[in-house]
Amino acid sequence: MMRKKFGALLAVVLAAGLSAACTSDSGDADQGAQPGGKVELSFWAWAPNIDKTVDAWNAANPDIHVTLSKQAGGGDIVTKLLTAAKAGNPPDLAQVEYQSLPTLVSNDVLADIAEQAAPVKDKFAEGVWQQVTLGTDAVYAIPQDSGPMMFYYRADEFDRLGLTVPKTWDEFAQTARTVRQKAPKKYLTTFSANDPGWFTGLAQQAGASWWGINGETWNVSVNDAATKKVADYWGGLVAEGAIDKQPMYTPAWNKALNDGTLIAWPSAIWAPGVLAGNAAATKGKWAMAPMPQWAAGENKTGSWGGSSTGVTAAGKNKAAAVKFAAWMNADPAATALLIKESSIYPAARDAQSSPLLQEPPAFFANQKDFYTSAKAIAETASGFVWGPNVNVAYDTYKDAFGKAITGRTPFSGAVDTMQTATVADMQKNGFKVAS
Amino acid sequence: MSTAVTGRSRRGTAARGVPYLFLAPAIVLFALFLLLPIGYAGYLSLRKVKVSGLGLGRNSRKEIFAGLENYRTALADPELWGSAGRVLLYGLTLLPVMLGLALLFALLLDRPRVRLARFSRLAIFLPYAVPGLIASMLWGFLYLPAVSPFTDLAGWLGLPEPDPLTGGSVFFAIVNIAVWGGVGFNMIVLFTSLRAIPGEIYESARLDGCTEFQLAVRIKIPLLLPSLIMTTVFSLIATLQVFTEPLTVRSLTNSISSTWTPLMKIYRDAFAQNDIYSAAASSVLIAGVTLVVSFGFLRLVQRQAFGGEDR
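As they're listed, the protein sequences go chains Z and V. The first sequence begins at 1 in the working numbering and counts up one residue at a time. The second sequence begins at 1 in the working numbering and counts up one residue at a time.
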């Protein structure tokens, strides 16, 4: 009887394996040019409605056909790209966040497209272009959008509680305390141990520099003075209970934004889309301002997110792939579609002055100058060099800050943990790291 | 004469080959989808990456032989031991509660003249049909104080607001999801074996003056032993592989680290930190432990469980 059970079990396991094998085969159809000179390109991306832009390209370019495959965003697509490249069948093009570029370049996933991309170089601001060259002579992607950080707040709640928009981080801390006094159920904002990209943007604003290249050696300083200052500032606010400490992007966070428990959010230019989706009840009640500054009179910000279009090293039609990537991110017709359909803030200079960006996003209908001020804020974003293992630093952030919050230990200690883990990982892999 | 002999021997060879012919599909699939991946994991666990210079040029990353280095690192990693300890505690909490409840429900449902037997059986079994991921998300909603109906309930009753996702209680929050999902399956296994016990045994026990309670403790449970052992082994293996529930709930709280269970650590190493080599080494170690634990347990209880069948 036992034998029969195990036999049945084995059959089930094998059947499952077989069906898995069958489904995984379908990915192979990605590659290759079709007869008659027609080029077939595969493209992985997650931006909402990006299929509209791809359709427009396909309609206008019958000889280069792009097939879009929708992906999960952020870190997931990086994992998938690394695996696909190792298996030998990556797509021809992929949407990649700036901070993932070094990881992908270091794993030989992305091609150097400096030659083919040269004509569009001038369409982008120098700081943006630097993100895709990694400070070298190579070019690894075409910039698509950027994510300068700004301060979002509930204008109605600020009025009701008699708050003014904080110009400095000192004022921000004071505002947070005032909120607690006047409305004990509310918090100004929350510190999220789940969003390393958010914290990195805050650190950038304070002048942090986590990676640097010196000849053939990497400098790693995740725990530099600026980062520690930012960490301990937020740690202090969490410790005294002036702000909340729940992670972002949870059902509870959505509810807190919706019902006004959280009344401000230091976020990036794409925040209106998130708020529209996650806090629909608050339409028209938000306003946007520049980030609070570390010193009065300063004018700086960091970046949270932003992505580019990379061409893979294993692709057979790189020239055609770059042509598509350049068109999508620099051609006015394409960027207009990206702005309209995918609600992204384009990286290309001309696109930033697009007539489509004269109107504020629907969720911020009251703030007529939304994109005008956004453009001014975007100019103040600090540059940043990303290292080859941002994934490790980011992953350690979640654990270390989660632990610091639950264990009530200083946040600067969590930053030290990030530094140790990042350096240890680089050394383990054989990178030369300056000590 | 000689022709007859050759004929028979030819038929003999053919006959001897037939079982292998029938087995071939199973063996091929087994080799392709089980042995080969296991072998590949073993191979990867002995390799590592070596980067030269900045690691940004073409071919600056090479895979080299690492010997047992990955195993040494894994065994010396306090994170792995921490996660192993957590899973041990998890198993010690989960197994008695889940199997105890499953046994209790099976025995209750097996009593004569139970009302709503079919409905109760289905209701208890239903959570098992909910995928672990969905179950974790459902429970996650119930655990978050801001969106949980239990918060309102506690408010009406004047109790403190429950917040199972902070501090040590997050552990029981995860155990609870597993109990909820696992009781039904184990109950069905036990209940089915109960149904397979011949009625005459009960009849004679009742004639000897056995009460329903005595019947359960003295007749049913001893006869259920093989099934209990089966369910324990399956639950043991599932415990060592706990992954979905903590990974899903993790995004809702600061209290679950990315290395909360051994499998989560492997997942992190392989997919968050892009180090498939040490992930492969840890996988091999955990597979080894799982084998030792499940076969060790079977060996320990073999006589009670299958002694009757062998003789």
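Hint data in this document are derived by calculation from the structure and do not stem from the laboratory. Possibly wrong hints are sitting among the right ones.
As the list claims (entries may be wrong) - Below, a list of computed lysine-lysine pairs in the DSS-like style, where the Cα atoms sit at most 27 Å apart: (1) V:K50 x Z:K428; (2) V:K62 x Z:K316; (3) Z:K86 x V:K50; (4) Z:K285 x Z:K86; (5) Z:K340 x V:K62; (6) V:K62 x Z:K80; (7) V:K62 x Z:K185.
Claimed, not checked - Cβ-Cβ distance ranges computed for the label pairs, FRET-style: (8) Z:T409 x V:L138: 31 to 39 Å; (9) Z:D51 x V:S169: 43 to 51 Å; (10) Z:E298 x V:V97: 22 to 30 Å; (11) Z:G236 x V:R58: 45 to 53 Å; (12) Z:D51 x V:G85: 27 to 35 Å.
Ideal Cβ positions, reconstructed from N, Cα and C, are used throughout, including at glycine.
How the hints compare with the structure:
1. For the hint pairing K50 of chain V with K428 of chain Z, the CA-to-CA distance comes to about 8 Å; that is within 27 Å, so the pair holds.
2. Distance restraint check for K62 of chain V and K316 of chain Z: the Cα-Cα separation of roughly 23 Å lies within the 27 Å cut-off, and the hinted pair is therefore satisfied.
3. This hinted pair checks out: K86 of chain Z and K50 of chain V have alpha carbons roughly 16 Å apart, not beyond 27 Å.
4. Proximity of K285 of chain Z to K86 of chain Z is assessed by CA-CA distance (about 48 Å); at most 27 Å being required, the pair is judged violated.
5. Distance restraint check for K340 of chain Z and K62 of chain V: the Cα-Cα separation of roughly 44 Å exceeds the 27 Å cut-off, and the hinted pair is therefore not satisfied.
6. For a cut-off of 27 Å, the pair hint linking K62 of chain V to K80 of chain Z stands: about 20 Å separates their Cα positions.
7. Among the hinted pairs, K62 of chain V with K185 of chain Z is inconsistent with the structure: their alpha-carbon atoms are about 55 Å apart, more than 27 Å.
8. The hinted range of 31 to 39 Å is satisfied by T409 of chain Z and L138 of chain V, whose Cβ atoms lie roughly 33 Å apart.
9. Checked against the hint of 43 to 51 Å, the pair D51 of chain Z and S169 of chain V passes, with Cβ atoms roughly 45 Å apart.
10. Distance hint check: the CB atoms of E298 of chain Z and V97 of chain V are about 58 Å apart, inconsistent with the given range 22 to 30 Å.
11. Separation of G236 of chain Z from R58 of chain V is about 47 Å and conforms to the stated range, judged on CB atoms against 45 to 53 Å.
12. For D51 of chain Z and G85 of chain V, the Cβ-Cβ distance of about 48 Å falls outside the hinted range of 27 to 35 Å, so the restraint is violated.
Hint violations for this structure: numbers 4, 5, 7, 10, 12, all remaining hints satisfied.
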